[in-house]
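Novice: So you can see what is in the structure, the chains are spelled out below.
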Amino acid sequence: MKIIKRTESPFRDTPGGMVLVATRVASQPPQFPPIEFVHDDQQVEEIELGPTGSLYSFTIVHPGKEKPPYGLAMVDFAPGVRAFGRLLFGTEPPAIGSRLRVVPFALPDSTPDYAFQE
Amino acid sequence: MKQPLITGVGITDFGRFPELTEEAMAQAAILDALADAGTQLSEVQAFYCGNALGAMLPGQRALRELHAEGGAVYNVDNACSSGATALNLALQALKVGQYDTVVVFGMDHLSSLGGGPLQLSQKDWNNRRGMIMPALYAMRAKRYMHDHGLTLETLADISVKNRKHGVLNPVATFAKLASREEILASRPVAEPLTLLQCCPAVVDGAAALVLSTKPSRGVAKPVRVLASVVQSGLFETAPVDMTEAEITARAARLAYEQAGIGPQDLSLLEVHDAFTISELLYYEALGLCSRGEAASLLQSGATTLGGRVPVNPSGGLIAKGHPPGATGVAQVVEVCEQLQGRAGARQVRGARIGLTQVTGGGIWGVDHAACSINILSL
Numbered sequence: 001m002k003i004i005k006r007t008e009s010p011f012r013d014t015p016g017g018m019v020l021v022a023t024r025v026a027s028q029p030p031q032f033p034p035i036e037f038v039h040d041d042q043q044v045e046e047i048e049l050g051p052t053g054s055l056y057s058f059t060i061v062h063p064g065k066e067k068p069p070y071g072l073a074m075v076d077f078a079p080g081v082r083a084f085g086r087l088l089f090g091t092e093p094p095a096i097g098s099r100l101r102v103v104p105f106a107l108p109d110s111t112p113d114y115a116f117q118e
Numbered sequence: 119m120k121q122p123l124i125t126g127v128g129i130t131d132f133g134r135f136p137e138l139t140e141e142a143m144a145q146a147a148i149l150d151a152l153a154d155a156g157t158q159l160s161e162v163q164a165f166y167c168g169n170a171l172g173a174m175l176p177g178q179r180a181l182r183e184l185h186a187e188g189g190a191v192y193n194v195d196n197a198c199s200s201g202a203t204a205l206n207l208a209l210q211a212l213k214v215g216q217y218d219t220v221v222v223f224g225m226d227h228l229s230s231l232g233g234g235p236l237q238l239s240q241k242d243w244n245n246r247r248g249m250i251m252p253a254l255y256a257m258r259a260k261r262y263m264h265d266h267g268l269t270l271e272t273l274a275d276i277s278v279k280n281r282k283h284g285v286l287n288p289v290a291t292f293a294k295l296a297s298r299e300e301i302l303a304s305r306p307v308a309e310p311l312t313l314l315q316c317c318p319a320v321v322d323g324a325a326a327l328v329l330s331t332k333p334s335r336g337v338a339k340p341v342r343v344l345a346s347v348v349q350s351g352l353f354e355t356a357p358v359d360m361t362e363a364e365i366t367a368r369a370a371r372l373a374y375e376q377a378g379i380g381p382q383d384l385s386l387l388e389v390h391d392a393f394t395i396s397e398l399l400y401y402e403a404l405g406l407c408s409r410g411e412a413a414s415l416l417q418s419g420a421t422t423l424g425g426r427v428p429v430n431p432s433g434g435l436i437a438k439g440h441p442p443g444a445t446g447v448a449q450v451v452e453v454c455e456q457l458q459g460r461a462g463a464r465q466v467r468g469a470r471i472g473l474t475q476v477t478g479g480g481i482w483g484v485d486h487a488a489c490s491i492n493i494l495s496l
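Residue numbers (the numbering used here), protein chains in the order written: chain G, 1 to 118; chain Z, 119 to 496.
It should be emphasised that the hints constitute simulated quantities derived from the structure, not laboratory data.
Hints may be right or wrong, so weigh each one.
Here are the computed lysine-lysine pairs in the BS3-like style, where the Cα-Cα straight-line distance is at most 25 Å [unchecked claim]: (1) 241/Z <-> 2/G; (2) 241/Z <-> 5/G; (3) 120/Z <-> 241/Z; (4) 282/Z <-> 294/Z; (5) 213/Z <-> 294/Z; (6) 332/Z <-> 213/Z; (7) 241/Z <-> 67/G; (8) 339/Z <-> 120/Z; (9) 120/Z <-> 332/Z.
In isolation and in its complexed conformation, chain G is listed as follows:
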């Protein structure tokens, strides 16, 4: 058995802005989130998504009186990968089809993460 856990970050900064990092294994389509475990001697190709993508759909979640609302989005990137993440916005969320940037964010446990913003 040979199982390798990838430790590469799923996002990175580039001169053009923050991008997500998808992976493609052998003849499979690219995927985001990137593959976490690699078997045997599988070759993994990294593919940068972004820095902008198109908003496919979104929602604003209202978790209740104790917690503030938050946005979630499905964003489509070239070369044909959809990514899910938090949607950041001011007073009004962007419209479907808007161009969104990948921006820094943090998970509730403070782990550095990504989000989408117009």
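Since chain G is already given, all that's left is putting chain Z on it; use the hints.
Specialist: Same frame as chain G, but now just chain Z:
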């Protein structure tokens, strides 16, 4: 191949029963189904238990105090499709003659879990980033509204319809009528879905079926299963149409082929209306109408009791509730009672063929992880 028949059905009240357990509710449903089938517990050779949110060995826990004689117990977890998947497995065993009499049951007790949306694994990529089931369907609704001009009012009308059905169902103890305006004014959960457009978060219940290849001794006419299909979701990382309900369309094609019928032959359906948008998407995926025409079908009254093909005459998940392990079995109980002409005030006149559809989800990359469709007839 032998021909299994559903010879008895049983169902508990669906509602909030914090003083009860899922085991106690399952026992009630099983005893109800056995009495309906005229079958003794000692005649049952195997039990198939659908349960999504309980702990280990749910079937054995439920059967222990019934003294079920130590026969085979199969515990099935396929999220909200658990009960319907259990039925599919039972049918396979009966057809090949492994058993001649079995019980299928489903149960969940959400009162034990503290309320709120179904708890999804926080190891999942999407769930760690705030995904909850209402949000996934809300995004489908947003996109459907964008693509097809669906209005908030039409979304709410699914809830109005199913609540009207639900108050006619004596087991739907949670069902309450609500107007379009009340539904739209209820608190937002995940825009555009409001609270009264989501199945209630805390509902307990159980349902059971007796199936046999022997001649029926049941109270009512036995029910044939014309088709039983379980499918799994595709791993999709590319941009796909989230309004398509692909897994349901795929399962439906297989089920119609197996049954030798088409959607035009259906008298009624019980579908997985966990959220208002779901039922509209399934109208299209199940072939009741073309893509983009679900709102028109609803507004025509065809899917309301008294219409051409009533959908969710039980009240569905929105009005009856959704203990996930029980739902797939409860849908079959409803269709059996409709076909047998014993559905009381919610009876679909002249019901001949009914379809049940239930999905199961909650993991990233797979739009719906599971889908089970059954087509039933006398």
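Novice: Compare the structure with each hint and give your call.
Specialist: Hints and how they fare:
no., hint, verdict
1, 241/Z <-> 2/G, "holds (23 Å)"
2, 241/Z <-> 5/G, "holds (15 Å)"
3, 120/Z <-> 241/Z, "violated (44 Å)"
4, 282/Z <-> 294/Z, "holds (8 Å)"
5, 213/Z <-> 294/Z, "violated (41 Å)"
6, 332/Z <-> 213/Z, "holds (12 Å)"
7, 241/Z <-> 67/G, "holds (22 Å)"
8, 339/Z <-> 120/Z, "holds (18 Å)"
9, 120/Z <-> 332/Z, "holds (9 Å)"
Of the hints listed earlier, those the structure fails to meet are numbers 3, 5, in rising order.
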